Amino acid sequence: MVAGAATVVYPLVGTGYGVRALLQMFMWIALAGSWNLISGLTGYVSFGHVAFFGAGAYTAAILIIDVRWPWLAAALAGGVVACLLALLIGYPCLRLKGPYFAIAMLGLNEVLRALVSYFEGFTGGGSGLSLPTLQVTERVYYVTALTAAGVTLLTYLIVTSRFGLRLMTIREDEVAAEAMGIDTFRHKLYAFLLSAVAPGIVGGLAARDQGYIEPISVFPLVTTITMIVMVLFGGKGTVWGPVLGAIVLFVAQELVWARFPYYHQLLFGAIIVAVVLLMPRGVLGVLQQKYRLPRTI
Amino acid sequence: MVAQVVVSGILSGALYAMVALGLALIFGVMRVINVAHGPLLMLGAYTTYFLYAAFGMNPYLTLPVSMAVLFVLGMLLQHTLVHRVVDAPELSSLLLTFGISIALVNVAQLVFTSDLRAVEYLTGSWLVGPVALSKSRVVAFAVAAALTAGAFLFLRSTRLGKAIRATSQSREVAMVCGIDVRRIHLITFGLAAALAAAGGTLISVIVAIQPEMGQIWTFKSFLVIVLGGAGNYPGALLGGMLLGLVEQLASLVLTTQLSEAVAYVLLVVVLLVRPSGLLGGRQT
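If you read the sequences in order, they're chains C and G.
Note that the first sequence covers residues 3 to 299 in the working numbering.
Note that the second sequence covers residues 25 to 308 in the working numbering.
With the rest of the complex left out, here is chain G:
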């Protein structure tokens, strides 16, 4: 039983970490909390659903497509709307991305209706000793872990990744060093949207999707960032695992219905006890 909880927690934790990394990137680089992050994930899920339902594509092969589509959409949003509020007070950026998120959800409702949609692929589970591993969750874990690792490598070692980290440490100094900050902002938003889209694609194979699924992901991603410490990218990994474990534990002791409430209590407790996150401080 305990083994099952730990395994399930880690499996969903990687997914949380990947999606939250997107939110953390935008927050780190632009100091903007993108309330539309969850709805972007939802659009990624619907991209997969659409390609699967209309063209019979293998849902996992739609991953690059949904990531690319959302990368472009993310850059578009940044270029047309979000860049105007990067230096504005927090109220503006929160409200603006909130407005965007409402519009995105409504567009999805118009195009796909509010019906639950399911991508039926890779159902069932593998049995390893006493532990049942849902196949789609295992694949989601593997893909999410690989993408997260890829994102870290990219941030660590490439010129562009270093430029992104430099911008998040100090925009002025980055500018002085000849970094085109506007371009970095564009790419960051695109990357974040692509990470959300990857999450959406993987989730669409696990559970049924609907247009309003996104909002709770904005909240959970934020919780993961808070757990790990805002501005601390590796912290997202720890935060994701922790959230996954706590949720699984809660659904074992209580019911799955309450797992969201448990995540909420976790946020409140962390804000009370250790607001700088478990790993603390900024170290990008």
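Just chain C, with the same shape it has in the complex:
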């Protein structure tokens, strides 16, 4: 409640920098929460989730520039397109067990970048797209905050539902899940589709907010890496883990790591390795075990 009220009031009293920083943080909460939906709950690792962010950004930018859609509708359309893209990838790759999905997602990003550069007429190619100027940072801030809250609420609803239980059964033992009569392919696919929507919307919002997009700025591998680190750190498969991870790592990034840009990714790689080996359930997972907290946290 308090956090909600503070979020609503902040743009009225805060500085321009503060609003922008919070906007970024909500963006990361939405992205990390989305990655958690597919990878945290089903155990199928998505190495290319930034692809949906990029797809959303390009969809929104093209709609705003060429069709003159209002930015909010364009951002929502970004979510729809990201979802369709997920269907296209998920349908062939999630039918199979094993690493197929992970590697397909690893390549997806490169491919989209190549496609964007190829269809220059639409996308501006390597020189990017400039959106008409519009001062809407505050409104974008509110929509981003809503998206972040929506993803977290959705995660809570899923984790407490039968659907969520089935997803977690797939994660723990897919063969057993199948033997129990769960249509694993469908469940995985639904989780994946849901996980693509918010990144698409956030991508559209980011395009509007930054006013300029290019292939390198909306398809960076480091965005996927950051999502993964945030979720792993906070606790994968939990409701509040991605939120916690996003806040802690975003603040740490702003305060400390910005001064050591060259070691940034090295640190992320080390965190991933360390969490996988030493603390596979993340901070929240450890707390859950220690203090017998409910699973729905």
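Mixed in with the good hints, there may be bad ones.
As the list claims (entries may be wrong) - Chain C regions said to be covered by chain G (calculated; three or more residues, Cβ under 8 angstroms):
hint, region
1, 104–111
2, 116–130
3, 226–238
4, 259–269
5, 274–283
As the list claims (entries may be wrong) - Cβ-Cβ distance ranges computed for the label pairs, FRET-style:
hint, chain 1, residue 1, chain 2, residue 2, range
6, G, V277, C, E140, 46 to 52 angstroms
7, C, L279, G, A78, 31 to 37 angstroms
8, G, D204, C, G152, 51 to 57 angstroms
As the list claims (entries may be wrong) - Negatives, chain C to chain G, calculated, CB over 10 angstroms:
hint, residue
9, L24
10, L74
11, L89
12, T154
13, L159
14, T162
15, T186
16, Q255
17, V288
Honestly, the hints are just simulated from the structure, not real lab data.
As the structure is a prediction and not an experimental result, all values here were calculated from the model.
Glycine included, C-beta positions come from ideal geometry on N, C-alpha and C.
Starting from the known structure of chain C, arrange chain G on it as the hints suggest.
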């Protein structure tokens, strides 16, 4: 024109097959997809570049050095990190090797910067009738074919090679037969890294290199394995050739920019139509 495509496809196909064989070995023996395979290839390329730039070594003579360096590094990674996740769920091994790959790329960026580096050696091509053969690609083909053949011979006929194949067929039975499975895992990872390194060395003479070149090689190697059928080592050969041909054909009809997208579509189609690979089944 068609002859050119076929020849170019086969030339790069051997390289794909060799690099993919490394990934296939680790997957076959440990059931781990090593996401850091491409970045290991990148380190092999930089080893060659470093020896060439600092000591003026002939890049092809650096091949044994880069293979040896990466063999040791591979064993080190297996010994310190990867062996802990061999029996863990797939999520752990994928994420762990992903973390390793990020760290390796970043270390390369710190040491060598992100600038493109080129090993300028053996440029130009031979003309055979209507077909232009890039010299560095021909050498790469020959070396890759020889190394791949050597690896197959090793797997087929030596005691160690047989132990590796036995472990990949059934770890428990291999253990019962007195095979030190941990040691086999170490050697397998070392071998796979050395094969990647050989790929890196050969590629560094063909195109300019940079720290982020590796990731796409993990993807392509995986595609080659899928084409050939996972766990089927000779399948990698077929898969490599096929990927090389398709890419060359695509760059003829479309542009080279899109060749990666074509490889991707190929993966999706194979997963839809024939997920067990073209040769199907496991036969190691």
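Right, here's what the structure says about each hint:
For the region 104–111 of chain C, the proposed coverage by chain G is satisfied: 6 residues have a C-beta within less than 8 angstroms of a C-beta in that chain, meeting the threshold of three. Three residues within the 8 angstroms Cβ limit are the bar, and the region 116–130 of chain C against chain G gives 4, so the coverage statement holds. Counting residues of the region 226–238 of chain C whose beta carbon lies closer than 8 angstroms to any beta carbon of chain G gives 3, which reaches the threshold of three, so the coverage claim holds. Chain G is given as covering the region 259–269 of chain C, and this holds because 5 residues of the stretch bring a CB closer than 8 angstroms to a CB of that chain, at least three being needed.
With 5 residues bearing a CB less than 8 angstroms from a CB of chain G, the region 274–283 of chain C meets the requirement of three and the coverage assertion stands. Evaluation of the 46 to 52 angstroms hint for G:V277 and C:E140 yields a pass: the beta carbon distance comes to about 49 angstroms. In this structure, C:L279 and G:A78 meet the distance hint of 31 to 37 angstroms, their C-beta atoms being roughly 35 angstroms apart. Look at G:D204 against C:G152: about 53 angstroms separates their beta carbons, and that is inside 51 to 57 angstroms.
No beta-carbon of chain G comes within 10 angstroms of the beta-carbon of C:L24; the shortest separation is about 27 angstroms. For C:L74, the non-interface assignment is confirmed: its Cβ lies about 31 angstroms from the closest Cβ of chain G, beyond the 10 angstroms cut-off. Every C-beta of chain G lies more than 10 angstroms from that of C:L89, the closest at about 12 angstroms, which supports listing it as non-interface. Non-interface call for C:T154 relative to chain G: holds, since the shortest CB-CB distance, roughly 22 angstroms, exceeds 10 angstroms.
C:L159, annotated as away from the interface, keeps every beta carbon of chain G farther than 10 angstroms; the closest lies near 23 angstroms. With a least CB separation of 22 angstroms from chain G, C:T162 remains clear of the 10 angstroms interface cut-off, as annotated. For C:T186, the shortest C-beta to C-beta distance to chain G comes to about 14 angstroms, beyond the 10 angstroms cut-off, and the non-interface label holds. Every CB of chain G lies more than 10 angstroms from the CB of C:Q255, the least distance being 15 angstroms, so the non-interface label holds.
Annotated as non-interface, C:V288 keeps its C-beta farther than 10 angstroms from every C-beta of chain G; the closest such distance is 16 angstroms.
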